[in-house]
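Visitor: First to last, the protein sequences are chains A and B. Under our numbering, the first sequence has 96 at position 96, and the numbering climbs by one with no breaks. Under our numbering, the second sequence has 98 at position 98, and the numbering climbs by one with no breaks.
Treat the hints with care, as some may be off.
Stated by the list, open to error - Derived SDA-like pairs (lysine to any residue); straight-line CA-CA distance at most 20 Å:
#1 B:LYS106 with B:TYR51
#2 B:LYS42 with A:LYS57
#3 B:LYS42 with A:THR86
#4 A:LYS102 with B:SER73
#5 B:LYS98 with A:HIS29
#6 A:LYS71 with A:PRO83
#7 A:LYS14 with A:PHE104
#8 B:LYS98 with A:THR86
#9 B:LYS98 with B:THR62
#10 A:LYS57 with A:GLN37
#11 B:LYS98 with A:LYS14
#12 B:LYS98 with A:THR54
It is worth saying that the hints were derived from the structure and are not from the lab. Small disclaimer: the values here were computed from a predicted structure and weren't measured.
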Amino acid sequence: NAGVTQTPKFQVLKTGQSMTLQCAQDMNHNSMYWYRQDPGMGLRLIYYSASEGTTDKGEVPNGYNVSRLNKREFSLRLESAAPSQTSVYFCASSEADHGNEKLFFGSGTQLSVL
Amino acid sequence: QKEVEQNSGPLSVPEGAIASLNCTYSDRGSQSFFWYRQYSGKSPELIMSIYSNGDKEDGRFTAQLNKASQYVSLLIRDSQPSDSATYLCAVKSGGYQKVTFGTGTKLQVIP
């Protein structure tokens, strides 16, 4: 089973460039999430989507946009990359039901903005 | 105030000892609580979830929840070097799908 698939695994951008991180899950989950992880900061929620057609801001949404394209796919876009966005990005998905909320993570994207 | 707080560590324990990891949260409406383990360079993986006050045991792991004190803990009995990792506390807000993580506690089990 593929689970949660993120692409790309590594990316180097120059300041001001744009890019989209792709995420797809094959578990028919309702909820999907984008987190960033920086040393000493833990996982910080950027955006989440509780269900197809809805998206909500997390703790650190500035500089990012998201699209819940369908139930499987949830993309994260950096319109004008900044060095402060250098981080490891994780996509995750889960069921929405109370008691069945395990987050399944993708393998991560290491992004460097020069 | 961060929504979920953990001591960053590192917490060092000898092999075979009990490791105790702690977490506090600010949203009294939170209903679901999780412990994830993350090895260096890897994705987090769920090891325990807890939803009601008290203790929940799964093998060498015990999660403890005290909603009145807004406190969650994880005990690891008979700690092994393979338990060396960062442990992330996560909390799901009541009525929402948002899951918020603490900064994580790095555990080192010394052989």
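Visitor: Each of the hints needs a verdict: does it hold here or not?
Guide: Verification of the hints:
1. About 24 Å separates the Cα atoms of LYS106 of chain B and TYR51 of chain B, which puts this hinted pair outside 20 Å; it is violated.
2. Using a Cα cut-off of 20 Å, the hinted pair LYS42 of chain B and LYS57 of chain A is violated, with the two alpha carbons roughly 25 Å apart.
3. For a cut-off of 20 Å, the pair hint linking LYS42 of chain B to THR86 of chain A stands: about 17 Å separates their Cα positions.
4. Between LYS102 of chain A and SER73 of chain B the CA atoms are separated by roughly 18 Å; this keeps the pair inside 20 Å, and the hint holds.
5. Restraint check for LYS98 of chain B and HIS29 of chain A: satisfied, since their Cα atoms lie roughly 15 Å apart, inside the 20 Å limit.
6. In summary, the hint linking LYS71 of chain A to PRO83 of chain A is not supported, as the alpha carbons are separated by about 31 Å, beyond the 20 Å threshold.
7. For a cut-off of 20 Å, the pair hint linking LYS14 of chain A to PHE104 of chain A is broken: about 31 Å separates their Cα positions.
8. With a CA separation close to 23 Å, the supplied pair LYS98 of chain B and THR86 of chain A exceeds the 20 Å bound.
9. For the hint pairing LYS98 of chain B with THR62 of chain B, the CA-to-CA distance comes to about 24 Å; that exceeds 20 Å, so the pair is violated.
10. With a CA separation close to 16 Å, the supplied pair LYS57 of chain A and GLN37 of chain A stays within the 20 Å bound.
11. For the hint linking LYS98 of chain B to LYS14 of chain A, the alpha-carbon distance of about 31 Å lies beyond 20 Å, and the restraint is violated.
12. A threshold of 20 Å between alpha carbons decides the hint, and for LYS98 of chain B with THR54 of chain A the separation of about 13 Å falls inside it, so the pair holds.
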